[in-house]
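From first to last, the protein sequence lines stand for chains A and B. Using this note's numbering, count along the first sequence one by one with no gaps and you end on 267. Using this note's numbering, count along the second sequence one by one with no gaps and you end on 1545.
Hint data in this document are derived by calculation from the structure and do not stem from the laboratory. Be careful, since some hints might not be right.
Among chain A residues calculated to face chain B with C-beta under 7 Å, some are [stated by the list, open to error]:
{"no.": "1", "residue": "99"}
{"no.": "2", "residue": "101"}
{"no.": "3", "residue": "250"}
Stretches of chain A that chain B covers, calculated by requiring three or more beta carbons in the stretch to come under 8 Å of a beta carbon on chain B [said to hold, decoys possible]:
{"no.": "4", "segment": "28 to 42"}
{"no.": "5", "segment": "239 to 245"}
{"no.": "6", "segment": "251 to 263"}
Every residue, glycine too, gets a C-beta built ideally from N, C-alpha and C.
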Amino acid sequence: MSAWLRPRRLWLPGLTALAIAGVLALAAFRAARLEDNRLWSGWTMLSALAVLAAFNLRKRVPSLPVGGNALWLGWHVWLGLATIAVIHIHIGWRLPIGTFSWLLYSLYWSVVVTGLVGLALGRLLPPLLATIGGEIIYERIPERALALHAEAAAVVEDCAGTPGAETLKRHFVDRLDGELATPRRTWRLGAEAAIAARFAVLARAAGPALAAPVADLLAIVREKLLLDRHWLVQGVLKGWLFVHIPLAVLALIAAIYHAAIILAYHG
Amino acid sequence: MARPQGNPFHHKVSSHEQPMQSRLRRLRGRVSLIAGALLLLVLGVAYRQGTGLVSEGPLHSKHAFIGDDCAVCHAPDDDPTHVRLDGKTTNCLRCHATMNAEPHGDRARTRRLTTASAQRPAQRLGFVAWANAQPGGRRDAHAEIACTACHQEHRGGADLTAVTTATCSACHRNVFPSFDHGHPELGDLPARRPRQVRFDHATHYGRHFDKMTEQFARLNTDQRATSSCTACHLAPEHPEHLTPVVKRAEIICMTCHDKDVPTTSFPLLTARGSAPSAFAQLVEQLNAAGRLKPLGKDDLFTLEGLRAVAGADLVAGIGSEDLALLKADRVKEIAQEAELPPGQWRAVKLADDEPAALNYRTVGPLHPQFGHRDPLVSGWLAWLSARDTEMRPAIAGTPAAGPWRDNVRRFLIDVGAIPFDPAKAATPRCSKCHYVGQESAGSGLGDFKRPADVPPAFMRTFSHFIHARSGLAQAGKPADCSSCHQVVKAAFDPAGHPLLDDRRRRLETHRHAGDWQHLGVATCTQCHRQGEVSQACTTCHQYHQ
């Protein structure tokens, strides 16, 4: 049985489908009686947005005994999808017309789309990270890059006085100093072979006496390549949240503003 | 320097490094905060500049005068007369009633449905609630439905009156899936409404019209006219509608009936047994003595009235037939009003010792200006009809009612509108085609009038043109009236007709001896069915017209 078909994975989408069917039936029933669907669907939508936003707070306080992150993520995703039905009930299954309505609608869909993109990235990129190899915290990458640079500099410095050291030093100044200084968001497809070829040439130029330091520098450059790939992939994994979360905050503020206007003129 | 194996980064993830991730969160938080603050700033400034930004959408052009001032309709207070955003209460009638724009076209109904709760303006719009209060209503009888339930504003130029079938069926109790499944049978189609002329298609269409093809073709200058039906039934003022209104009715009818409207003379002024000079002398005497006072209209037909104004001594020798003398005053007056063509008057002097008379000659069936409607007779009848309509209710049940009816009848006989003896119908004159006299006894002479110039309301929502030109062709049917309409010669039985009141039943007995076959839902559903032509309620039911 596929992992996606296991009962423990089906109850959330099942519940969501039931909820969507329920609100659609309620809306249809009320519409058939010429009763207004905008008010209850609006409050439902606002409540759902609040619950969705609470996921971010939940992540800030992982010690809260309100379920694990995985459960919250599940709720976040499926409730977010359910809001697509609710918002369209709210606006009457048509496109908005007013300026603010368009703003709110656009913000909502921006949040939905970035959320779905993030969901897809969360599924696709971790396997890619595994293929890169290694494990490092994103925030440690710049620090590690600096350490690699210092380590390479030390290797070159330790070779001073050895025949061929000048060649090694010139290579460090010309290539490695800039290459190792900072992490780069780049994959550099096929770079492994190019690096190996480059260091083979360097080893011949430096001579047999410097074979070990050249091998150390090769290891450092290879590690930096992996580091750059982690920097790229983890940057994307974390970067989409820089779009999703601010948009979600804007959508929530706009929705609250919208509700305030309704309340003000509610009478 | 040997590099360790395992993690290539020489780095182990430890729990004490987790707080470092919060730097990213803080950064995201700051970005969100700044963006949110900017949004609030923009919204706040925009709101102070005007509420156009937060409007759900532009108003319909008819409400555009309201501008961006939401509070004109949506007041942030407890005033129940304002339209609230929850749509539960409305006060559209606050403007629409005073602007004489009745919301649903039927002023009487709107008034009836709104008057009961007029003291509670918020609940004035009660027509749907009224409908629901009927037995079998789908909603709580006290439920209130706002105008906005059907009419959505803030949608720019979108039609405010456009509603869906689902909207209609929300209240209408006869709920059915679609027009071709369960629609109630059509009650009275083609509508059998009272006519002003004795005409039935069964007699004319099958017996006479077939022989008149050439004559009709000559009369027919309209390019759209393609059949013997359209020779008569295409009103120029409503070119998209093939209506019951007959165009050039007089010409059409007089093509055959010219002999029924003969040019004839009848006496207007007579003095039986008087020489013309003596007759003129009598009139002069009356005038000179100031005895010929202006007559009230009631005095025209009774000797009592005549005696009252002219004096019993002068009237003593005048018989009832001499009442024409007094009618003459009115005749002259009417003739002047109607700009009676010269030459129609003729003084008749047979001999010095024979009665003198002032005769009037009718203009004939096809006068270039008046058609067959003689201005004098028409004016006379119009005046009498109005007077009769006024008098009958006033004197109903009194001793005066009988004499009045007799006088009207006598007058109609005088002008030849009805035969003297109803049993002798050989010379019916006006009553050959028009319903007058005893047949309209229930309603006075109000029925004696020319056919309507405009199509009835029910026809304005139905376009024969569309059916003839495109719909029928698409359906593979001949673009001919006979696709839907079939003449039937069976007598129409008004007794069981649900749409006729007693008076109309009485009249219909005479007026629809034979006519069109009743059109049922089955006729319409030949085309208006699932997957073909629209079945929406508003295809036929246009509530706002």
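Quiz item: Counting residues of the segment 251 to 263 of chain A with a beta carbon closer than 8 Å to any beta carbon of chain B, are there 3 or more?
Solution: holds (count 6)
Practice problem: Return the status of the interface hint for residue 99 of chain A: holds when the least beta-carbon distance to chain B is below 7 Å, violated otherwise. | Solution: Nearest chain B Cβ about 5 Å off; hint holds.
Quiz item: Does residue 250 of chain A pass the interface check with chain B, least Cβ-Cβ distance below 7 Å?
Solution: holds, 5 Å
Quiz item: Does the nearest C-beta of chain B fall within a distance shorter than 7 Å of the C-beta of residue 101 of chain A?
Solution: Nearest chain B Cβ about 6 Å off; hint holds.
Self-check item: chain B over the segment 28 to 42 of chain A, status - at least 3 residues with CB closer than 8 Å
Solution: holds (count 8)
Practice problem: Test coverage of the segment 239 to 245 of chain A by chain B using CB-CB distances below 8 Å; three residues minimum. | Solution: Our answer is that it holds, as 3 residues pass the Cβ test (under 8 Å) against chain B, meeting three.
Checked against the numbered hints given earlier, this structure breaks none of them.
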